[in-house]
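Chemist: So you can see what is in the structure, the chains are spelled out below.
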Amino acid sequence: MSLIKTIAGQDLRDMFAAASSWLEKSSAEIDALNVFPVPDGDTGTNMMLTMRATMEEAFRAPDHSAAGVASAMARGSLMGARGNSGVILSQIWRGLARSLEYKEAFDAEDLADGLDESSVTAYKGVSNPVEGTMLTVMKDAAGAARTQVEGGEKDILCVMEAVVNAAADSVARTPSLLKVLKDAGVVDAGGQGLYTILEGALRFLRGETEMMRLRKPQIIVSELAAGPSLPQASAAVEVPYGYCTEFLLKGEELEPDTIRKRLEKKGESLIVVGDESAVRIHIHTLNPGTIIQFATKLGTMHQVSIRNMDEQHQDFLEMQKERTPAVDSAVIAVASGEGLMDVFGSLGAAAIVPGGQTMNPSTKDILQAVEAAPSENVIILPNNKNIITTAEQVQSLTQKKVRVVPTRTIPQGVVALLAFDYEADFKTNPEIMEKALPSVKTIEVTRSIRSTKINGLKIRRKQPIGLLDGELISVADTNIDVINQLLARLDLDKAQVVTIYYGADAEVPEVEKISASISEGHPHLQVEVIKGGQPHYSYIISVE
Amino acid sequence: MPVKIVTDTLSDISADLAAELGITLVPLYVRFGEEMFRDTVDITSGEFYRRLVTESALPSTTQPTPNDFAEVYRKLVGETDEILVITVSSKMSGTYQSATQAREIVKSRCRITVIDSLNVAMAMGLIVLSTAEAVKRGAGLDEAAEFVSRATGRVHLIAYFDTLKYLAKGGRIGKAQGLLGSMLSVKPILTIREGEMAPLTRVRSMTAGLDYLYNVAAAYASVERLAVEHGTTPADADKLVERLHQHFTGKPIYRSVLSPVIGTYAGPNAIAVTILESEKK
Chain A
1 MSLIKTIAGQ DLRDMFAAAS SWLEKSSAEI DALNVFPVPD GDTGTNMMLT MRATMEEAFR
61 APDHSAAGVA SAMARGSLMG ARGNSGVILS QIWRGLARSL EYKEAFDAED LADGLDESSV
121 TAYKGVSNPV EGTMLTVMKD AAGAARTQVE GGEKDILCVM EAVVNAAADS VARTPSLLKV
181 LKDAGVVDAG GQGLYTILEG ALRFLRGETE MMRLRKPQII VSELAAGPSL PQASAAVEVP
241 YGYCTEFLLK GEELEPDTIR KRLEKKGESL IVVGDESAVR IHIHTLNPGT IIQFATKLGT
301 MHQVSIRNMD EQHQDFLEMQ KERTPAVDSA VIAVASGEGL MDVFGSLGAA AIVPGGQTMN
361 PSTKDILQAV EAAPSENVII LPNNKNIITT AEQVQSLTQK KVRVVPTRTI PQGVVALLAF
421 DYEADFKTNP EIMEKALPSV KTIEVTRSIR STKINGLKIR RKQPIGLLDG ELISVADTNI
481 DVINQLLARL DLDKAQVVTI YYGADAEVPE VEKISASISE GHPHLQVEVI KGGQPHYSYI
541 ISVE
Chain B
545 MPVKIVTDTL SDISADLAAE LGITLVPLYV RFGEEMFRDT VDITSGEFYR RLVTESALPS
605 TTQPTPNDFA EVYRKLVGET DEILVITVSS KMSGTYQSAT QAREIVKSRC RITVIDSLNV
665 AMAMGLIVLS TAEAVKRGAG LDEAAEFVSR ATGRVHLIAY FDTLKYLAKG GRIGKAQGLL
725 GSMLSVKPIL TIREGEMAPL TRVRSMTAGL DYLYNVAAAY ASVERLAVEH GTTPADADKL
785 VERLHQHFTG KPIYRSVLSP VIGTYAGPNA IAVTILESEK K
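Protein chains in written order, with the numbering used here: chain A, 1 to 544; chain B, 545 to 825.
Since the hints were made in silico from the structure, they are not lab data. Don't take every hint at face value.
According to the in silico footprint, chain A covers these stretches of chain B (three or more CB under 8 angstroms from chain A) [stated by the list, open to error]:
#1 721 to 728
#2 740 to 748
#3 813 to 820
Since we're looking at a predicted model, the values are computed, not measured. C-beta atoms are modelled at their ideal positions from N, C-alpha and C, and glycine is treated no differently.
In isolation and in its complexed conformation, chain A is listed as follows:
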């Protein structure tokens, strides 16, 4: 492929025109990524409409230089910006235009400068920049261009490849930066939109126009799955969102910075961008009247849009309902300790009921989780021998169908959940899960609460004691000795995976020592260490 050293105005325009059609193809899917109340329910559509206005103006521009096209794009996007994401997008073009001023064409370094300026301008327009949104994606994309150029790269195509890769990674990371995204298990819609535009531009540069006609953009998948939706969190919280208020203000000698300051306390998600002749304002407010009153004093208002966000929220919830696939069977697990709860959540448990040794949940606690589960068929993993009976009570109290897989320990619960077969029905799955239980051995290490004699062992108060599959068979002066005694009873040659869940009171140096000693003694074993954070048990170890 030949080197692309510079891009002139016409190519700049064609490149983003192609990117704009590319974005149009996935605007509906981007809409579906929205997470309320991260602003606006229709990010994909808003960005698409903004891009249309941007490119219409670019095609009208009399000046065919790179500077001319970029400034037309900036103007078009400011006039036609829709929604929060559209306004930020207009800032991105504004930054690019500012950086390309007076340039007939631009090279790789100009591109890096331009993207930098886009990033800076985008952040400036927002009064409270939030990371994990399209702002972050823009920043990461610009950073990648800078790295390429500093490495001596002259080919614009190579720079754009790096930009698009960085944008993709950045989009995939948005859920780890923004909790609402993580909870919903989606990536940021605005970030995805921006990535799609950059990707479209890259594909145009590569000459893949035919392919762009046939295929459509891919939505990036977050690497984090949806977090566990605990039943207590599902109770509806009714906070009014107010009105999403947007308009274009035209006038003379307008001061965007002053306007932003005046409006800062009047609502949320405030964006004020533009120049002395036109300013676009976007705000979520409980009182749109005061905003309008303030604005009419400064100039004339255009494209005024005031939408009730509570209604939007209702629509959104309906849409979410349709999107959430009805699962044949939902699994509910009982566990305590933040780490262990996360483990079950990350493996796909629909809910986790807090509880375990010495803090058994009530039948009512479990019943609530069953009722809230997103399925008519619910499988319960009690993960403790004292909770199995409690869990079995639930069956008679609900209309739903309930099965209890009698898991007696946390490792058994994990094994059962892993064995869950996505294609099996509700009758077969509990059987498959129960059949998996013997494949794991459980070691639990705790401290004796009193001096006693049991199973022929003489135990002093507070001495470390060890249980193998629930049976107390070991006592020693240190946790490590207890663990070694128990491991010696197992045929580790046949085992493959050892998982150490260390408790809230375990100390990290000791954890590392235990893990290292198992690895050294049995190099064929895969040893995994997880901070379980459980109370009472310093260690829960699973041997599979």
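Chain A is already provided as a structure; the job is to place chain B on it using the hints.
Modeler: Leaving out everything else, chain B in the frame of chain A:
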């Protein structure tokens, strides 16, 4: 004149076997940065996987162009008047579209039927091989096309993945998305449902994964043929073949390698077993 069969390289049918059976393979493309390769033609699986794990930038893939198919059609219209094209699932690749569009480029009286196999790898490969035999027995174009549609219901692919990273990054994760994000290191077992990747279950180790693959395969009572393929671990796949041979005495088991384009999404260490059930009489 007998029907000529065309398929793409995602069928994982080796060039030798294809030549022997008179099947034409159309390659997809895999790209590392600026370097573009025709799948299995310009780059071997061995070379591909070596680069996959050593290079920081992930490869990308592209379907064959309509013109790639048109060239194949043009060549074949001199030899036959009926062409059957079997492509990888249209939910995973645009190959089906290219193959369909190419029909309009080639103006010929030759009948060309394009079928979406709704499958990938040897799940598509076994359909193609079984269809090739049906053609050899004398099936015409319509009969062969119908044979393919029926065969999609008889084929089952069960694949062990070392990681879902590549599938997720490549945007082909389909219904298996729910398996992402585990805090424990788990190995997903996937299948194909309605033309997309779908989850079956999870295991903790490759040994457990291979046991699972064996158990699912061995559970089928009436099997026409099987296939086992690997990405980077031939010895493990061979062991699985040995076990399956003992269970399915006398059934053909095809041994294949996951093509570079498939490897782009499957990543290293993947192993897949495919079962084609016998046709119900």
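Chemist: Now tell me if each hint is right for this structure.
Modeler: Taking the hints in turn, this is what the structure says about them:
no., hint, in the structure
1, 721 to 728, "holds (count 8)"
2, 740 to 748, "holds (count 7)"
3, 813 to 820, "violated (count 0)"
Checked against the numbered hints above, the structure breaks only hint 3 and satisfies the rest.
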